[in-house]
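Q: As given, the protein sequences belong to chains A and B, one line each in that order. Numbers 1 to 115, taken from our numbering, label the letters of the first sequence in order. Numbers 1001 to 1107, taken from our numbering, label the letters of the second sequence in order.
Honestly, the hints are just simulated from the structure, not real lab data. The beta carbon of each residue, even a glycine, is placed where N, CA and C say it ideally should be. Check before you lean on any hint, since a few could be wrong.
[Unchecked claim] Chain B side only, calculated, beta carbon under 10 Å to chain A, not exhaustive: (1) Arg1001; (2) Ser1032; (3) Phe1033; (4) Phe1034; (5) Gln1038; (6) Arg1041; (7) Ser1049; (8) Arg1076; (9) Val1089; (10) Gly1098; (11) Val1105.
[To be verified] Here are the computed lysine-lysine pairs in the DSBU-like style, where the Cα-Cα straight-line distance is at most 30 Å: (12) B:Lys1002 / B:Lys1042; (13) A:Lys57 / B:Lys1045; (14) A:Lys71 / B:Lys1042; (15) A:Lys9 / B:Lys1042; (16) A:Lys71 / B:Lys1079; (17) B:Lys1045 / B:Lys1002; (18) A:Lys9 / B:Lys1045; (19) A:Lys14 / B:Lys1042; (20) B:Lys1079 / B:Lys1045; (21) A:Lys71 / A:Lys9; (22) B:Lys1002 / A:Lys57; (23) B:Lys1079 / B:Lys1042; (24) A:Lys9 / B:Lys1094.
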Amino acid sequence: NAGVTQTPKFQVLKTGQSMTLQCAQDMNHNSMYWYRQDPGMGLRLIYYSASEGTTDKGEVPNGYNVSRLNKREFSLRLESAAPSQTSVYFCASSENQRMNTGELFFGEGSRLTVL
Amino acid sequence: RKEVEQDPGPFNVPEGATVAFNCTYSNSASQSFFWYRQDCRKEPKLLMSVYSSGNEDGRFTAQLNRASQYISLLIRDSKLSDSATYLCVVNTGKLIFGQGTTLQVKP
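Just chain A, same shape as in the assembly (with noise of 0.2 Å):
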């Protein structure tokens, strides 16, 4: 059981850079969600998806964009890597947006770091 695939697990980019951090479900859940986790500040949202043809900003956007491809796939996009960014990306999936059973499946994290 695959769950969430998100890839690469591991890149280096130079700032101003461009890069694509790719993300699948197979769980045929509605909606899918990015998040950054730093130190000290927790896991924090930057873009998610309701469902699929929907996509809105979370708590830290800026610099990010995405793409719901299709039910099964979100991508996050950064268009010119900053220091900034440096951070663990987590791509995760929920049967619905209503969070009733608080269930979010995550993918194993992307390590991203921008020199």
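Please arrange chain B on chain A, whose structure you already have, making use of the hints.
A: Just chain B now, kept in the frame of chain A:
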């Protein structure tokens, strides 16, 4: 003020000890509450929901105090395998994560 606050720890306890973590939240309209567990360099996973009446799952007990706006997690008879970071999560319409409390259980 952060929406969800936790003491980051670390809490260092011997095997067999009982340990409790608290978490406070600022939004009185919060709908539901959860504890997640995150092992080192791994993804977070749902540990348990927190119900108004309190709930237990084996050695783990979660409690909610809406009047004082805090939730707690009690772990009895700690095991080495309980070593992890415990994230308090509050549903305000979106899930808001605390920064986590790190537990180290020592032999």
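Q: Please check whether arginine 1041 of chain B passes as an interface residue: C-beta within 10 Å of a C-beta belonging to chain A.
A: holds, 8 Å
Q: Report holds or violated for the interface hint on arginine 1076 of chain B, using the least CB-CB distance to chain A and a cut-off of 10 Å.
A: This hint is violated: arginine 1076 of chain B lies away from chain A, its Cβ roughly 23 Å from the closest one there, beyond 10 Å.
Q: CA of lysine 9 of chain A to CA of lysine 1042 of chain B, is that 30 Å or under?
A: holds, 11 Å
Q: Does lysine 1042 of chain B sit within 30 Å of lysine 1002 of chain B, going by the straight-line distance between their CA atoms?
A: The given pair, whose Cα atoms are some 24 Å apart, holds under the 30 Å limit.
Q: Given the hint that lysine 1079 of chain B pairs with lysine 1042 of chain B, test it: the Cα-Cα distance must not exceed 30 Å.
A: holds, 19 Å
Q: Would the stated hint for phenylalanine 1033 of chain B survive a check requiring a Cβ distance to chain A of less than 10 Å?
A: holds, 8 Å
Q: Min Cβ distance, valine 1089 of chain B to chain A: is it shorter than 10 Å?
A: holds, 6 Å
Q: Under the criterion that the straight-line Cα-Cα distance not exceed 30 Å, is the pair lysine 9 of chain A, lysine 1094 of chain B satisfied?
A: Holds, at about 26 Å.
Q: Do the alpha carbons of lysine 1045 of chain B and lysine 1002 of chain B lie within 30 Å of each other, as the hint requires?
A: Holds, at about 22 Å.
Q: Holds or violated: is the Cβ of glutamine 1038 of chain B closer than 10 Å to a Cβ in chain A?
A: holds, 9 Å
Q: Once the shortest beta carbon distance from glycine 1098 of chain B to chain A is found, is it less than 10 Å?
A: holds, 6 Å
Q: Please verify whether lysine 14 of chain A and lysine 1042 of chain B have alpha carbons no more than 30 Å apart.
A: Roughly 25 Å between the alpha carbons, so the hint for lysine 14 of chain A and lysine 1042 of chain B holds.
The earlier numbered hints that this structure contradicts are 1, 8, 11, 16.
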